[in-house]
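If you read the protein sequences in the order shown, they are chains A, B and C. Following our numbering, the numbering of the first sequence begins with 445 at its first residue and continues without gaps. Following our numbering, the numbering of the second sequence begins with 10 at its first residue and continues without gaps. Following our numbering, the numbering of the third sequence begins with 648 at its first residue and continues without gaps.
Read the hints as simulated data drawn from the structure, not as lab findings. Each statement offered as a hint is correct.
A short, non-exhaustive set of chain A residues, derived as facing chain B with CB atoms under 7 Å:
no., residue
1, N487
2, A629
3, K652
All values derive from a computational prediction rather than experimental measurement. The beta carbon of each residue, even a glycine, is placed where N, CA and C say it ideally should be.
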Amino acid sequence: MKRYLSPLAVVSLAAVALVTIAPVTAEAEDPFIIVQSTTSTQNSGLFNHILPMFKKKTGIDVRVVAVGTGQAIKNAANGDGDVLLVHAKAAEEKFVAEGGGVKRFDVMYNDFVIVGPKSDPAKIARGKDAAAALKSIADVKAPFASRGDDSGTHKAEKRHWKAAGVDIEKASGDWYRSTGSGMGATLNTAAGMGAYALTDRATWIAFKNKGDLQIVIEGDPKLFNQYGVILVNPEKHKNVKVKEGQAFIDWLLGAEGQNAIRSFQLDGKQLFFPNAGQENMKKAG
Amino acid sequence: MSDSGSIFSLALGLVLSGDAELWSIIALSLRVSLTAVALACLIGLPLGAFLAVVKFPGRDAVVALLNAFMGLPPVVVGLFVYLALSRSGPLGVLGLLYTPTAMIIAQTILVTPLIAALARQSMADLHVEYDELFRSLGLSMSRTIAALIWDGRYSLSTAALAGFGRAIAEVGAVIIVGGNIEHVTRVMTTAIALETSKGDLALAMALGLILITLALFVNSAVLTLNRTARRLAYA
Amino acid sequence: MLKRSDAPVSDDISAQPLFPLAATDLVFADRGRTLIDNLSLTLDGRGITAVMGSNGAGKSLLLRLLHGLLTPTSGAIRWGGNPLSDEVRARQAMVFQRPTMLRRSAADNLRFVLNHLPRNERDRRVEELIAEAKLDHAAATPARLLSGGEQQRLAIARARATEPEVLFLDEPTASLDPASVHAIEEVVRTIHADGIKVIIVTHDIGQAKRLADDVVFINRGRVAEQAAAAAFFERPATDAAQAYLEGRLQF
Ligand SMILES: Nc1ncnc2c1ncn2[C@@H]1O[C@H](COP(=O)(O)OP(=O)(O)OP(=O)(O)O)[C@@H](O)[C@H]1O
Ligand SMILES: [Mg+2]
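Only chain A is shown next, with the shape it has when bound in the complex (with noise of 0.2 Å):
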């Protein structure tokens, strides 16, 4: 029976094999932490920029699981990550007085931009009045691609409904297309139909697949989007590392990690703005 090994046993063996060897490499591995955060960071490249600066500087590997901010603050919640880095900031505040988090830190900031197809069926283009536009996109019917996953840009994007008095309930399945996933599958949607979308300015200057689209409106200051930083609560999951957690975030606050945001650039853009320990400063646009 054991003179030909059968190829299933050749592959369980070695499967079997690798599963045993998988936990010894694991525990060679350098000290890290989880950082819950969003699309927008991550397909950006803003982490590929800053993180080997932070890891040089302390050792300290960072991975990032790159969420929507709902689902990112939901993960922390649960304890399953050392720092939050996400854009919803009334969220977020909430996540913190219920406990999730330490404290909430602005780290910084970049704008939201409507883009649309060249043709602009709601003759928006080259506005600076976000509401207004988007009261004439609901007016013509035109087709509009939503993030629709509690996101922080989706958040805001609901806000920004709210202000031009649109129901976009009501409209949903029909010119509003709530695509229930990230920034750049939505973008993809909203490239493949010819539809208007709500983006964070970084996503939009990091994707490849802009098709027809170009941005519409931009430069509303209530297209603001800040970014804030938190430290998961030791106190509610002791499994959080507060050392190599509050190290980074002590990094990304300090003068270090705030040269490292604003150098990050894109087709010669700057991405995003540090604006760490200006709270009290008037909200630019």
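Keeping the supplied structure of chain A fixed, place chains B and C with the ligands upon it in accordance with the hints.
Below, chains B and C with the ligands without anything else, positioned relative to chain A:
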């Protein structure tokens, strides 16, 4: 956007450039999926054989359940494993979330019903043939199951391959429990999802092409091995 | 599988004699057809018994019932006074009309039933059995590639490997050439000489004459005749047996 020709050359370029990151992603994909399939075989083959051999009340219901689970959406499995492995979940203390081990667990759960259901089918056919002999020999249940698995090994390797196909192509479960963390839990499918979300459809397609080639390679390797072994050992 | 050497305790069923075998008022019905019809039969543990009868008479069914692979609709089977059980069946072996070959080499088919032996002893025993079955040339050949005669010899060797006290053979030489028939008859004689009770189904009258000590003639699910072989072939008592021996169709 690139046409298919440039996607192909992009894929080829990626492979030939010996890009360390690409290779580590490929290696992790293989490690996770092959391990999951091996574990799923370890559970699924005996389970399938058991269901083929042993009559008990409710067996049909179990088989129906198994068949239904063959089509389990990966996201549901991912969510289930996330809830179990989350720090707030029952197995949170193990600290397995966002590790390759978590991905292996999720894919094992995903693939076991498929392998068990396919195994049950081919084991049932073989069992019809062997049943009287085994009863005449007074074979124990465990030896019956072992003998069916061994003698059915070539048809069972098809079940294992089907499981591998499902595992290696799956993104919904591994992205939830692995987190698609660069250098740690990023595999082919989550890398494809990431590139798609960056709008880099050409790169995503190229990675997809590499994934298909990989699956093709594993499949033909197993089939060739199988054929030679069968020719040498068995008819 | 039961290891007979492990069963020395006297009040254990496995230590009690298997014979006489008594089947009383056996009935086996399936989908409204009574296939074994109030059959009664007593056999002792000596000699070779041939079971004969036309196609569909119920010979293979009877063997399955006696061996415990089928449960009778009614009636009783007693082996040395004991009902059928795993212990009783473990002391018997059966070679089926269409032998089942495991998908492994001839030698591995034997090794499979010698699982309980230590490795070197098992290999030795496999070698002996292979030699006895005249399969030396084919030991490593996949069993399912063997010729019909070789498969029958392997099946008998495999049954023999389990060291039974009773061996059921269901038409072991059907469709074999004369040399193969001869080889198998030799093996059957050897088995019988070892003190093993052989119950063989055959349509080969010459073979029955050569091998059998007594004959059980089955007709339509009943024992039509049971007699010493010489007497049966000399003067069959029933029309059915006479017709069968003369090769006439019976309706
Ligand atoms: N397991 C079974 N369940 C139901 N019916 C059966 C079963 N086995 C055999 N039969 C039927 O019982 C009858 C007797 O079959 P059996 O195989 O005993 O015949 P036989 O005497 O061995 O004939 P042959 O000489 O052709 O081998 C046949 O009509 C057959 O269809
Ligand atoms: Mg028969």
